[in-house]
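*Asks:* So you can see what is in the structure, the chains are spelled out below.
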Amino acid sequence: VSGAAGEVTGAKRAALGCLDRRGAVKGFSKILFPVDLSDISIRIVPYVHAMAEKFDAEVHLLFVAQMLEEFSDLYIPDPAVRKFEAEILEGAEKRLADFGRACFQDCRSYTTKVTLGNVAEEILAYVDAQGIDLVVLGTHGRKGLDRLLFGSVAEKVVKMSPVPVLSVNPYRITP
Amino acid sequence: VVRSFGFVRDKEEALFRRIMVPVDLSNRDAPALGVAVRMAQQSGGSVTLLHVIETLQDTGYDEYRSFYDRLERQAREKMQRLWETFIPSGVEVMQQIVFGRRAEAIIHYAMKHTMDLIVLTSHKIDLQRPGEGWGTISHRVGILSQCPVLLVK
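Note that the protein sequences, when read in sequence, are chains A and B.
Once you know that position 28 of the first sequence is 28 in this note's numbering, the rest is easy, because the numbers rise by one and skip nothing.
Once you know that position 2 of the second sequence is 2 in this note's numbering, the rest is easy, because the numbers rise by one and skip nothing.
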């Protein structure tokens, strides 16, 4: 145990501040839920709902399409890449819109966004650009290895996010 | 559309009733405590304050019993003062002190007592010193915990 006896004063102030609603504890008004549109995302939805309701927050759904890196060793003509990207984005936007309607229609407010690039970097950039103050993240993604190891995307976001992160293990909860 | 995603609306209120806040009894606990109390108030839940007294590796408890006893007494005094600040909230708050390695003890306690949520104060990693500090423990808990973890920055 380190520190002097008076060190709990700060905690006391903050706790009381929260209880008195004097603004000592900042709530969450914009929640980012990065989704991969798999069954894993579905399992996290109740937690996003719970946080949105508790803090009367708006929900931002973000899907990051990541495919060019996977084909980096192959030669693909540029027009074909552009066409491929456009089709992927179009499909993702439709799918994400369906996801939003299915899962967040009764939320106070939700928005959807599809981007292309490195997933973790896009999530962090979105946090910064949109003034997000909470990220809700599944700790396991689509890949099989993620069932054993913490997903690299989630790990990077947990460590690098400048705002609070709620990490949820989708395999422990009951959907 | 709902059927295609297999989503069934659950009772979210019940998700965060048993909330645990690992505390090191310093000012760093404040952000996590504030959020935990607010969430417990809204869900009618309880908050468990958990302090882990780090034990020396490869040594038995008895070998340093008087040392650990002194640490525990000091921790209990601080924990009691912290606990008293929650009285006006009406939130049920419990105090626990355990011995062990911090991250492992936090994860083990949460599993054993079926916590719904762990709230921890964390910070953005300093890329120049990635392995240092409480942040490493909070990130390990965030990674390895079976129950949801809210890292408050």
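It is possible that part of the hints are untrue.
As the list claims (entries may be wrong) - If you only want the chain A side, here are some residues facing chain B, beta carbon under 8 Å, derived: (1) 46; (2) 47; (3) 58; (4) 81; (5) 88; (6) 89; (7) 118; (8) 131; (9) 139; (10) 162; (11) 164; (12) 165; (13) 167; (14) 168.
Just so you know, these hints were derived from the structure itself, not from any lab.
The structure presented is a predicted model; accordingly, all values stated were derived computationally and were not measured.
C-beta atoms are modelled at their ideal positions from N, C-alpha and C, and glycine is treated no differently.
*Asks:* None of the hints should be skipped; say for each whether it holds.
*Replies:* Quick rundown of the hints versus the structure:
The interface hint given for residue 46 of chain A is met, as the beta carbon of that residue sits about 5 Å from the closest beta carbon of chain B, less than 8 Å. With 8 Å as the threshold, the beta carbon of residue 47 of chain A comes within range of chain B, its nearest partner Cβ sitting at about 6 Å, so the hint holds. The restraint placing residue 58 of chain A at the interface with chain B is violated, with a minimum CB-CB distance near 16 Å, outside the 8 Å limit. For residue 81 of chain A, the interface hint is violated, the least distance from its beta-carbon to any beta-carbon of chain B being 30 Å, above 8 Å.
Annotation: residue 88 of chain A was flagged as interfacial toward chain B, and the flag is violated, the nearest CB pair being 19 Å apart, outside 8 Å. Of the supplied interface hints, the one on residue 89 of chain A is violated, with its beta-carbon coming no nearer than about 20 Å to a beta-carbon of chain B, more than 8 Å. Annotation: residue 118 of chain A was flagged as interfacial toward chain B, and the flag is violated, the nearest CB pair being 17 Å apart, outside 8 Å. Among the interface hints, the one on residue 131 of chain A is violated; its C-beta lies about 14 Å from the nearest C-beta in chain B, farther than the 8 Å criterion.
The beta carbon of residue 139 of chain A is positioned within 8 Å of a beta carbon in chain B (closest approach about 7 Å), and the interface hint is therefore held. Annotation: residue 162 of chain A was flagged as interfacial toward chain B, and the flag holds, the nearest CB pair being 5 Å apart, inside 8 Å. Because the beta carbon of residue 164 of chain A sits about 5 Å from the nearest beta carbon in chain B, less than 8 Å, this interface hint is met. Taking 8 Å as the C-beta contact cut-off toward chain B, the hint placing residue 165 of chain A at the interface holds, the least distance being around 5 Å.
The interface hint given for residue 167 of chain A holds, since its Cβ lies 5 Å from the closest Cβ of chain B, which is under the 8 Å cut-off. Among the interface hints, the one on residue 168 of chain A holds; its C-beta lies about 5 Å from the nearest C-beta in chain B, closer than the 8 Å criterion.
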